[in-house]
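Chain B: place on chain A using the hints.
Each protein sequence line maps, in turn, to chains A and B.
Per our numbering, residue 13 is the first one in the first sequence, and the count goes up by one each step.
Per our numbering, residue 3 is the first one in the second sequence, and the count goes up by one each step.
A hint or two may mislead.
[Unchecked claim] Result set (SDA-like, lysine to any residue): computed pairs, CA atoms no more than 25 Å apart in a straight line:
1) Lys16/A <-> Arg150/B
2) Lys245/A <-> His143/A
3) Lys245/A <-> Phe16/B
No lab work stands behind these hints, which were simulated from the structure alone.
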Amino acid sequence: MNSKRRIEGLAQRVLFFLASVFVLSVLVFYVSRLAPGDPLVSYYGDRAEKMSPEEREWAEDKLGLNAPIHVQYICWLQNAFRGDFGISYKYKMDVKELVGGRIGNTLLLGGIGFVLIFVLALALGVCCAWHEERLADRMICRIGTITSCIPEFWLSLAGILIFAVTLRWLPSSGAYSIGKENDLGDRVRHLILPLSVIVISHLWYYAYMVRNKLLEEVRAEYVLLARMKGLNKRQVLFGHCLRNVMPAYFSLMALAVPHVLGGTYIVETVFSYPGIGTLTYESARYQDYNLLMLLSLFTGIIVIFCNVSAQMVSERIDPRLRMDDQRRYEEVDRL
Amino acid sequence: MSELLEVRNLSVSFDTPAGEIQAVRDVSLTVKTGEVLAIVGETGCGKSVLCKSILRLLPDIASIKTGRILLNGADITDYRERDMCRLRGRVFAMVFQNPMTVLNPSLSVGAQIAEAVKIHSPGMTRLAVEQRTLELLRLVKIDHPEERCKQYPAHLSGGMRQRCVLAIALAAEPELLFADEPTTALDVTIQAQILELFREVQAKLHMAAIFVTHDLSVAAMAADRVAVMYAGKIVEIGTTEEIFRNPRHPYTWGLMRALPALAGGRRRLYAIPGMPPTLIDPPKGDAFACRNEYALAIDYEEQPPMFPVTETHFAATWLLDERAKGLEIPVPDFGCSDAEEERGELAAEPDILLDVQHLTHVFPLSKKETLTAVDDVSFQIRKGEIFGLIGESGSGKSTVARCIMNVYRPTGGSIIWQGINVCNPKAFHTHKKLLQSARQIIFQDADDSLNPRKKVCDIIMEPMKLQHVRPPRGTMRAEAAFWLQRVGMDAAYLDQYPSALSGGQRQRIAIARALSMEPTFLVADEPVAALDVSMQAQVVNLFKQLQEELGFSFLFIAHDLAMVRFLCNRVGVMHQGRLVETASAEELFRHPKHPYTRRLIESMPIPDFSWGVSERRQDR
Chain A
13 MNSKRRIEGL AQRVLFFLAS VFVLSVLVFY VSRLAPGDPL VSYYGDRAEK
63 MSPEEREWAE DKLGLNAPIH VQYICWLQNA FRGDFGISYK YKMDVKELVG
113 GRIGNTLLLG GIGFVLIFVL ALALGVCCAW HEERLADRMI CRIGTITSCI
163 PEFWLSLAGI LIFAVTLRWL PSSGAYSIGK ENDLGDRVRH LILPLSVIVI
213 SHLWYYAYMV RNKLLEEVRA EYVLLARMKG LNKRQVLFGH CLRNVMPAYF
263 SLMALAVPHV LGGTYIVETV FSYPGIGTLT YESARYQDYN LLMLLSLFTG
313 IIVIFCNVSA QMVSERIDPR LRMDDQRRYE EVDRL
Chain B
3 MSELLEVRNL SVSFDTPAGE IQAVRDVSLT VKTGEVLAIV GETGCGKSVL
53 CKSILRLLPD IASIKTGRIL LNGADITDYR ERDMCRLRGR VFAMVFQNPM
103 TVLNPSLSVG AQIAEAVKIH SPGMTRLAVE QRTLELLRLV KIDHPEERCK
153 QYPAHLSGGM RQRCVLAIAL AAEPELLFAD EPTTALDVTI QAQILELFRE
203 VQAKLHMAAI FVTHDLSVAA MAADRVAVMY AGKIVEIGTT EEIFRNPRHP
253 YTWGLMRALP ALAGGRRRLY AIPGMPPTLI DPPKGDAFAC RNEYALAIDY
303 EEQPPMFPVT ETHFAATWLL DERAKGLEIP VPDFGCSDAE EERGELAAEP
353 DILLDVQHLT HVFPLSKKET LTAVDDVSFQ IRKGEIFGLI GESGSGKSTV
403 ARCIMNVYRP TGGSIIWQGI NVCNPKAFHT HKKLLQSARQ IIFQDADDSL
453 NPRKKVCDII MEPMKLQHVR PPRGTMRAEA AFWLQRVGMD AAYLDQYPSA
503 LSGGQRQRIA IARALSMEPT FLVADEPVAA LDVSMQAQVV NLFKQLQEEL
553 GFSFLFIAHD LAMVRFLCNR VGVMHQGRLV ETASAEELFR HPKHPYTRRL
603 IESMPIPDFS WGVSERRQDR
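Here chain A stands alone, though its shape is the one from the complex:
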């Protein structure tokens, strides 16, 4: 019974996931085609403006842009199922190859950044809650409020100015120095600045959330009972309060993925870091439909996947959230 239910739940999730991805692809496909701009410009450059109507017709026919949008979409979908996402208009190469070459860099930057934010925010939040309203807590909160007001691109520029230009400690752009592609130390040195910017600009918000959630829990009545058992402050905070905060934190962090990813895209642009951030920006700007589709699908899948998995993790930790029980509790509460 139990395992059957679990499989049912899992199947439901997967269905939901696929449906979301489908809806997303339809939306991006239609909206990108409704946006003003000429995709031929990105393919032919300035030549596109001098084309005769016949030539335009022929070019659009060649790129498959003449058919009604839904036919184009079905065509795209069929090709996509075969693994063919088309070519980039701007770069004139297979979008898979194009993205494949750069995705590793973005995942490295965003992934490490995200893990750092996750761990540090938790640590800072717990630290603040532990020293509630004392100097450490107040300082962290103040610094956090100030830093989270600074935009990422400004922080990046300031970072480049101070550490790359003035102090010359760190490189200012790129993922590696020319000719040192396989030098790990060099790669790490290139990561430090963009990574710090991403972490610093996102960290405080989440640390603050952890702190407030924890302090809410600390005031809950079950803490009194836990203290009456003879547990000390540490045992209460980690064994009871933090445990109850974690589900909320997981879902929060899952929702943070798009933010961090978006931040990564901006930081990549400022640091000329060869990731997919720059690509996404360009593809949207130059009506590079195929590239845009692949990139938004990829981003969307990551975001949806994170949300769904966060929900599953939360449920494992917090029994109240389990889907099959949820409605029952609501009903019983209403009585």
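Just chain B now, with coordinates in the frame of chain A:
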């Protein structure tokens, strides 16, 4: 018996922005090994603060100003948190008021009990901990402990959870158990069971206990000695027998007379006038003086010391002073007089106002399961009648009320109100205005039912505005002021927010709001359950008085049997969604027919002060 805990002249204050609140003032008491001391008093009198200050569980803004706390003769007043951790659980344990919120919702109850076991015997093997957990669950009489162990608090009922909390408290076999209103949040029958269990366990483990309650009848059943607290001070302390047979303090008299079980045919419940003082600036003399009918001039000037009545019985009232000896003090009688009801028997069967026929309401739990909350309930309410509906929580009383008020749409049956079938959406729409103004509801918790961001006058005026009522007294504000005065509050409260008021006052505002529409039918869903005994008496008196003056019909939902008996003409008993018995109030209590009604009446904690105490003590 040696003295386990001794509290000497303890004073505890809270530093708040409004000023220093002196929550506990100069309290001294002792608890001997194996003894149960009950601390009785209204909300805010400092009884919980007293316990928590002994256990050092108060927030940082609270501090012990003066006094010492001695445990087995050792001074623990200055113990630090680390030392207190070692005492908590092993020496002191505590059971809390609300079992719904004190258990961590995301840990299984087994894990929570095991945690309490492990913390005091770190070397224990996992198997031994498991064994001990099951043993504890058996001790508190939870059936199928092996399965219950793995369940989460949300799966358990209130009574079960309270048993689990007790199991946690008993994990390390403490010497002194603090019970802070352990039965208040529970149903009557569950309350009796928990009280029983508590006494049994206490006797078995030979453990001392401090039992905090606002319910005198609970204190009478559970305690060896009773301390009555008022405004942060102990005003009377003595053995249970002494307190209940020979109370000496006027406040104790007031508390006892306010019990509806002792109303014994009186037309009004006795209510202590006024409200407890705020403790930011406690009055100079006796804090109780202004509510005390027997106050002497000196009460307003000087605080009375503790006068000994017997070796074990002390009371702080000037009435016991040498100089007051000559005064004639009209000691009130507490006995249940058998004076025949002069309840306003309704004149020859008035018209039926509300006719509920075969009402059924089913909640869908999931696709397959359903919960039948109300199952084929039929009753009638006549014009000008007070109909009581009693039963445990979950018996469907509130669902009935909500169906009648069109909050839920019933699954089956019909509700005819003055010839209108209110379940029929069409009929409801045609008569919407009439139905919405002539029927009003009052909820249990005025805390939640009054919008905290609205002023009192806006709250009272809102229904009038919605229904476009032309105010008979000129302006709506005048109307609001009128109804506020009608429920016994000053018009000066019009511009205050609900948060500035006490529970009793908030409930009065809820009543004023409902009555301002001049309803012919009023539903009150446990309107006094969240209030103190003395406030309950005030509010119930108000209901009775207003009903007599305005003549509305009244559906009164409660779980307090004595209250229903006092207030209602006819009573319906609900059990698991069914209406098992309907009868006139006196008939029901004198000759209950259904076994469940009998069980309910038996589990009523009746403080039969004349003999019950001594008899119980003999069988211990």
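Hints the structure violates: just list their numbers, smallest first. none
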